[in-house]
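Required output: the full structure, derived from the provided sequences and hints.
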Amino acid sequence: MAASSANNDTRWMDAALEEARAAIAHDDVPIGAVVVHDGRLIGMGHNERERLSDPTAHAEVLALRAAAAELGSWRVLESTLYVTLEPCAMCAGAIVLSRIPRVVYGAPDPKAGAAGSVLDVLDDPRLNHRPEVLGGVREDECAELLRGFFAARRGG
Numbered sequence: 417m418a419a420s421s422a423n424n425d426t427r428w429m430d431a432a433l434e435e436a437r438a439a440i441a442h443d444d445v446p447i448g449a450v451v452v453h454d455g456r457l458i459g460m461g462h463n464e465r466e467r468l469s470d471p472t473a474h475a476e477v478l479a480l481r482a483a484a485a486e487l488g489s490w491r492v493l494e495s496t497l498y499v500t501l502e503p504c505a506m507c508a509g510a511i512v513l514s515r516i517p518r519v520v521y522g523a524p525d526p527k528a529g530a531a532g533s534v535l536d537v538l539d540d541p542r543l544n545h546r547p548e549v550l551g552g553v554r555e556d557e558c559a560e561l562l563r564g565f566f567a568a569r570r571g572g
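Quick note on the numbering used here: the sequence shown kicks off at 417 and runs consecutively.
Source of the hints: derived by calculation from the structure; they are not laboratory data.
Just to be clear, a hint being listed does not mean it is correct.
20 Å max Cα-Cα, derived SDA-like pairs, lysine to any residue [stated by the list, open to error]: (1) LYS527 <-> GLY551; (2) LYS527 <-> ALA473; (3) LYS527 <-> ARG465; (4) LYS527 <-> ALA482; (5) LYS527 <-> LEU550; (6) LYS527 <-> SER489; (7) LYS527 <-> GLU486; (8) LYS527 <-> ALA567; (9) LYS527 <-> GLY564; (10) LYS527 <-> VAL445; (11) LYS527 <-> ARG515; (12) LYS527 <-> ARG570; (13) LYS527 <-> ASN544; (14) LYS527 <-> THR472; (15) LYS527 <-> THR496; (16) LYS527 <-> LEU562; (17) LYS527 <-> ASP540; (18) LYS527 <-> ALA484; (19) LYS527 <-> GLU494.
Label pairs and their computed distance ranges (CB to CB) [claimed, not checked]: (20) ARG427 <-> ASP470: 26 to 32 Å; (21) ALA567 <-> HIS545: 34 to 40 Å; (22) ARG542 <-> TRP490: 26 to 32 Å; (23) ASN423 <-> GLU560: 18 to 24 Å; (24) MET506 <-> ILE440: 20 to 26 Å; (25) GLU466 <-> ASP539: 28 to 34 Å; (26) ALA485 <-> GLY455: 17 to 23 Å; (27) GLY564 <-> ASP536: 27 to 33 Å; (28) SER489 <-> GLY552: 18 to 24 Å; (29) ASN544 <-> GLY488: 20 to 26 Å; (30) HIS442 <-> ARG518: 15 to 21 Å; (31) ASP454 <-> GLY532: 25 to 31 Å.
The beta carbon of each residue, even a glycine, is placed where N, CA and C say it ideally should be.
Here it is in structure tokens:
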């Protein structure tokens, strides 16, 4: 990967981490996502399941909705989704349906990840779209944010 691409991935993952931290304010799991198009942030979101009492209010879904609204199309083409945790099956389905060409995630999710950990929805040849996927960007920071959140909930 080119150095400038790696630098951009790190920069935008920082923005996703900032979004993830916002979820803590309403006791949601700190997962954040941003969508970038032509070097410009066009959508962002963080988990809001608790705040909205909505099982679909995942960071990726909210960021994709905002990006689609900004673009005026359900097809989120020529864009990259950055998310702090490997997408689940629902979010991977939304990614495929949005036709977003590239997904970059931070920490893998060995319990529910659908970009290679448990399932690989994003690389399933039976589906009509398969985005490029890069995992492990700012992995330690993304994982530590989640570990800290759950440790605090357990009281230690």
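Now the hints, each set against the structure:
no., hint, result
1, LYS527 <-> GLY551, "holds (16 Å)"
2, LYS527 <-> ALA473, "holds (19 Å)"
3, LYS527 <-> ARG465, "holds (18 Å)"
4, LYS527 <-> ALA482, "violated (27 Å)"
5, LYS527 <-> LEU550, "holds (19 Å)"
6, LYS527 <-> SER489, "violated (32 Å)"
7, LYS527 <-> GLU486, "violated (33 Å)"
8, LYS527 <-> ALA567, "holds (17 Å)"
9, LYS527 <-> GLY564, "holds (18 Å)"
10, LYS527 <-> VAL445, "holds (15 Å)"
11, LYS527 <-> ARG515, "violated (25 Å)"
12, LYS527 <-> ARG570, "holds (19 Å)"
13, LYS527 <-> ASN544, "violated (25 Å)"
14, LYS527 <-> THR472, "holds (18 Å)"
15, LYS527 <-> THR496, "violated (24 Å)"
16, LYS527 <-> LEU562, "holds (14 Å)"
17, LYS527 <-> ASP540, "holds (19 Å)"
18, LYS527 <-> ALA484, "violated (29 Å)"
19, LYS527 <-> GLU494, "violated (30 Å)"
20, ARG427 <-> ASP470: 26 to 32 Å, "holds (30 Å)"
21, ALA567 <-> HIS545: 34 to 40 Å, "holds (37 Å)"
22, ARG542 <-> TRP490: 26 to 32 Å, "violated (21 Å)"
23, ASN423 <-> GLU560: 18 to 24 Å, "holds (21 Å)"
24, MET506 <-> ILE440: 20 to 26 Å, "holds (22 Å)"
25, GLU466 <-> ASP539: 28 to 34 Å, "holds (31 Å)"
26, ALA485 <-> GLY455: 17 to 23 Å, "holds (19 Å)"
27, GLY564 <-> ASP536: 27 to 33 Å, "holds (28 Å)"
28, SER489 <-> GLY552: 18 to 24 Å, "violated (30 Å)"
29, ASN544 <-> GLY488: 20 to 26 Å, "holds (22 Å)"
30, HIS442 <-> ARG518: 15 to 21 Å, "violated (29 Å)"
31, ASP454 <-> GLY532: 25 to 31 Å, "holds (28 Å)"
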